[in-house]
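**Q** One-letter residues, chain by chain:
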Amino acid sequence: MRLRKGILRRAILSVLTIFNLGLLGIISSISANAAEPLKAAFVYFTNPGDHGWTYAHEMARQEVQKHFGDRVETNYVENVVEGPDSVRVIRELARKGNDIIFTTSFGYMDYTLKVAKEFPNVKFEHISGYKRAPNMATGNVRYYEGRYVQGLVAGMMTKSKKIGYIASFPIPEVIQGINAFGIGLRSVNPEAEVSVIWVNSWYDPVKEADAAKVLIAEGADILAQHTDSPAMLQTAEKAGVYGFGQASDMKNFAPKAQLFSSVNNWAPYYKTKIQQALDGTWNTGDAPGYWAGNIWKGMSDDYLVLSPFENMPADVAAAAAKAAADIKSGANKIFTGPIKDNSGKLRVPAGKTLDDGELFTTLDYYVDGIAGKIPG
Amino acid sequence: MEALILTVLLTSVPLIFAATGELVAERSGVLNLGVEGMMLMGAVSAFAATAILGNPYLGVLAGAVAGAMTAVVFSLFALGLATNQVATGLALTIFGTGLSGLVGAPFVGGTIEGLPNLAIPLLADLPIVGNLLFNHDLMAYLSIGFLGLVGWFLSRTRAGLVLRAVGNSHDSAHALGYPVLLVRFCSVSFGGMMAGLGGAYLPLVLTPHWSEGMTAGRGWIALALVVFASWIPSRILVGALLFGGITIMQLAGQARGWVVPSQMLSMLPYIATIVVLVVISRNREFALRHSPACLGRIFVNSK
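So the protein lines, in turn, are chains R and U.
Quick note: the first sequence uses our numbering, first residue 1, plus one each step.
Quick note: the second sequence uses our numbering, first residue 1, plus one each step.
With the rest of the complex left out, here is chain U (with noise of 0.2 Å):
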């Protein structure tokens, strides 16, 4: 059971990673659908640094770099020249695909050493939870941590504030002289480098080596978490442990013979998210507290 529990925390980091960075640039009023291609981006730099320079370390970052610079492409075609945010999106997915499996190409075939396990000391003896709560990687601690900054930053912080202002009304943030596209220009870089490094922990953890388009899919389900999470935070954990929970359950059952459809069971996170949209657009007063008013709507800087 506790291995099971553990294969379903490890399947949940690159979504809260992906996630808690997507949440963070809808909450701008962006809406960045190229989550698949940053975390490729992602992906395919990490295994890269990590394979060139000989330390997993230096992959993490190679990852977060590269998920930035993904989203800085976005930035410049959907902020810059203003272009339909859901189409730039898209673009940037079939780019991001393209140009992992480009860059990506001379290692295909190689192994990495992964990152290894911080046991903390101390709370790693705890009988049962700390080998599941305290003897983990370095980025699962991180995607944690992030986590938690961002939900304290949005709404404890000044600057948060205004992240959400701009989310909700550019043209009032705007006249009022915050720098809206500034802003936005940030929220999307820092969504683009959680997106790497979600993406930078397939190969660093989840499996050592470089395929291309090994993320799967798991950039669009990072997209449904961020509405299932109806843009809170905090919900992102409980929604990246629901799916990663039903992916290893849908595993699980099989093993021990459960007869429910394999198929039924892959498509429970995204029926989930339409639950929860249905949820939320009964309840008007709560979508518009919660959902970015100006989430996908473009904003030209006009002096």
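With the rest of the complex left out, here is chain R (with noise of 0.2 Å):
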């Protein structure tokens, strides 16, 4: 009996050992698929050494690994033209199994919404455009609310009254900037003026140092840009002139010339929706009247950094900051009237402060301080 025993207890033991290693197979095997990281891929127009627009989402996505650890994995594709190939791009990292996808151009929209359409199951994030789906979100930055700052501290710094702006397209994000930058240089500097430089191109050094050149040559001491190279403050620092840097940080290409960079901080965007992915809260947002996106947010959002204020006298350094304080706290919201056209038109009343729809849709001049028009 002892014996008999003996072997039905062992029996006993080893059937609940191997249900054991069984159940402990399961777990583990559950908790290795909890551990399956998220993925999360970017498309970059150009590379992040351009030190312009995609180093500054290189550097979230640098952030983002580094904030989620094995939580998530991500990688990036670069130097993906804008265009029907950019199609066979996205819909290969689709299918190579990553969970939500960035693509980082506003020329990426239209092909971004088709492979989202494909893949229903995949989670798609296009940042500057205005096309969304069930799984296509979409998101960008204030970038106009740091123009100001530049317009201002322009309107303080210069001496020739004359100021250079490079544009890129006439879309709006850039006209904006643009009237953005005049309100601000006009509230300092009645008499200056701003001319601007269409280059078409949002990355082109040659062309940008250029009409640098030609900017300089025409008088102007201040130069701003909304295009994505450094060429423009290595050609104002050759000249001894000043400028503002774009997207990211620019001070090592022009220590002497740079007053400050518009700093797009992309990380808390990233973060916030990698984290609802993998809460599984994740959601396109859509409410009515988000022009630029599900997310638009600036500097009240750390969205939109200003760099360090340099190379500029220590009162233009504190009006600076106490600008950006007032468009951090909402005190200054910059578009509110009145504001007047070029052409001494008035376009918004007194009072009146034009909402993220008028943004989009009715800044098709140029305000009081800038030159010219807007090309067709």
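Note that these hints are calculated values from the structure, not bench results.
Built from N, CA and C at the ideal position, the CB exists for glycine as well.
There could be a bad hint or two in this list.
Claimed, not checked - Among chain U residues calculated to face chain R with C-beta under 7 Å, some are:
{"no.": "1", "residue": "206"}
{"no.": "2", "residue": "208"}
{"no.": "3", "residue": "212"}
Stated by the list, open to error - Beyond 10 Å from chain U on every Cβ pair, some chain R residues (computed):
{"no.": "4", "residue": "66"}
{"no.": "5", "residue": "69"}
{"no.": "6", "residue": "188"}
{"no.": "7", "residue": "295"}
{"no.": "8", "residue": "341"}
Dock chain to chain to rebuild the complex, using the hints, since each chain is given by itself in its own frame.
**A** Printed below as a string of structure tokens:
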């Protein structure tokens, strides 16, 4: 009996052990599933070496990777030409099992939408566009807030009263920026005027440098840009005039010329959306009136950050800091009337502030202080 | 005004280099559409050499060598294996664009000290023209020097005559015992060196950093310029200044508030080229005299 009891006990024990092992196996496989990282992919227009737009996105991607550690696996594809070819890249990323795909340039909009419809289980985030789908969200940054501060600083710093502005394409985002710059400029200097050169490119360093040289030759002593390379600031440095960096801090390229850079800080945006994807709460938040995207934030949420004020007298730096603080607190909404266009016509009556929709639909003019006309 | 003219002059320099080189290759009968690729290889090599060695003059040298080496790749296929020149040239541009991106990857985001201006003593002190003409970097002088040299070589020397003969009728030249493929190899290599120098000018003088694809189509303008100049060296100078001038004028026009669409002005160099092409082809005698008759035609050495 003792023996049989022993066998029985052993049998029970071994069954339990096997069961336990199995259970362990199941548990471990569940936890292994839980440890499977979320795969996030980024599509870049140039390479991170542009030290402007794409560089800012890459900085954010690295921060995301650091922040989430093993829970997220990020990857990116660079130099993806805007246009039909981008479909192949985006589709390949979806096919490879990426859970969330960020396409980081305006020109990817239709192509992202196309792939989003093919892969309903993959989440898509398109930067700077306006088309959405149930699994495609959009997001952008209020760049114009930084440009207001740039305009203010330019107005206080200029001696020739001529400011040069290198612009890329006449789309709402760029026109908002030019006008915010003009409003900031005229708030402190009613005589200064901005000359705009459109280079019809986001990224052509030699042409940007040429445009900068021309503006300087025409008498500009402060330069601003809505193009992506540091070429303008390098030219400014060589010529001994001042300028503002774009999208990321360009101080290293022009230590004596850079007054400050408006830095696009995508990390909070990416962190929020990836956290939502991890939690299962990701959404496209289709609220009405979101012209620039489901998320359109600026300086108050640190989506837009100004690099340290340099190469300027203390009173200018103080005025710039105050302007930045007022924008952050909401005390200064920038596009608040009275706003006149450059022919003197009143466009926004006193007391009225343009809402997000109007910033996209009604700004078809240059404000007072900007010379010329918006091209075609 | 002086600053504007100066900008025009500097903008023309890469075009003068690349177009002069391509002119020599085309006069020998080879159409190399890989100018953009060779320029990019020159640009990245010049930047890399300057960044590593700290001397922009070594950068000039590196740009020239890199451009010539890239042209050798073209020669291996188009001359050695008698592949289609148009396809090979296009492939060379794609190859050069990709390879320069790869080579340049570690240098992205760096800056260099570019070429200094060398004021020519006495002449540089002349009023007005002194600063405009005699206060430039070494490469600006070189570009004009090479252009003059090529003009003299093609029209005044025996070797230049042989080169033109090879371009006009490779079969006759071959029958007379001239080494057609060798002449073409040398011409294409020279063209590559010049394109490399043109590319090197971008990071060494115009904008002191490396960025992928920074030539942004200037290689294609150089190709158009050769046709515009109807294969006559001295007209390269006129064309380059005109093309450079249009580039700058459309920027300056905007700064001054002219209401001409900038896209329209950007088109002008190409429209001018087409007009010149039309004019040339109307005058049959002129076309026969100047455009290399064997341009783009494959020659196989049959012994």
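**Q** Out of the numbered hints, which ones does the structure contradict?
**A** none
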